[in-house]
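**Q** Given only the sequences and the hints, what does the whole structure look like? Please build it.
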Amino acid sequence: MDPANDRESLLAASQESAFEDDEAFEFDLDMTRADTKVWLVKVPGFLAERWSDIGEENVDLGRIRINHAAGPNDRDGITLILDDTPEVQDLPTEYRLTVRDKAVKNTYVFEEDEDGEARAITGTVHHECSISVKNIADPRYFRLQQKRNHSQVVPVKRTQFLDDNARPVFIAPTHIATTDNDFLQRLAVVAIAIAMLIEDVQKKPRKSPTSKATRMPRENLITLLFSAFEKYQYWNLKGIMKYTNQPQAYLKEVLADICYLVKKGKYHSMYRLKEEYRKLTSSSDGTMNPEAQAGDNEVEDDMDGAATDQGSTSGGAHAIDDGDDADDDDEFEET
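Under the working numbering, the first residue of the sequence shown carries the number 1032, and numbering increases by one thereafter.
You may find that some hints are simply not true.
Claimed, not checked - Below, simulated BS3-like cross-link-like pairs (lysine-lysine); rule was C-alpha separation at most 30 Å, straight line:
1) K1262 to K1165
2) K1283 to K1310
3) K1262 to K1178
4) K1294 to K1310
5) K1136 to K1073
Hints were generated in silico from the structure; no laboratory data involved.
**A** Below, the structure written as structure tokens:
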């Protein structure tokens, strides 16, 4: 066979294959709407779920209100206001919209066909934003967070089904059970070795490292604080810092929105939920944690905002509210 003919045949075959690949990826991409400016917005999960349940098209979800008099650092410059529709009637209506990136590059919105292929560019992302609840005192938001908090602590029951051929293998501490399956024997040896290693590690004294407290999102912290005040009505600063593991300055800022600081009486220098939140929380038993000390609110905060555990016990108290606050002899100060 002529080597020259072989080279020509291989070259022709490769060109034909490349042409077929190009045909496979050829399609018309509609670019007529590519110049449409789009905002990419990250919304809370509960709001995204409600919006995804709307089956109709071209439905107005809400309005954007822009305060042109607000400064560049004003958090309330842009507000999203939901329309009063049955799908969101039990959700908060006002949300703070924060622009995270004002110059997004190379991010586009595509329209897909039934096969999942991109057929058109419907817009170009110019701003990347996120929204959060504007008024944390909204009772609807409080009930939503309370329901979410309760659902997280309820254990999920799981049922494991075993086939008919399953049989137990019993292993004594000093020897391996006799079985015909070599794999089970090797697995038993590994299990015993791991158990011995874990036992040795548990016997060694552990050093307690000083952990830096990382700020959690404000909404998550509020949810955690509500769960804390469902357990006890009164908390000192040390106790609530240990419970939340948050920096002192950030924690006090959030506490000021939802709590009072008791100035006098039995629970002086301790935090208590404001009246509008106490009406929504469920009652609990107990008056005050016996290890909590009223007035023990001085906590050192290092330069990077680390919440250091100084051996104090989580201090908080929750008393059954008899509806008569006049007998409590507590004077409150809004922090």
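**Q** For each hint, tell me whether it holds in the structure or not.
**A** So, going through the hints one by one against the coordinates:
no.: 1; hint: K1262 to K1165; verdict: holds, 26 Å
no.: 2; hint: K1283 to K1310; verdict: holds, 22 Å
no.: 3; hint: K1262 to K1178; verdict: holds, 15 Å
no.: 4; hint: K1294 to K1310; verdict: holds, 22 Å
no.: 5; hint: K1136 to K1073; verdict: holds, 17 Å
Hint compliance for this structure: every hint is met.
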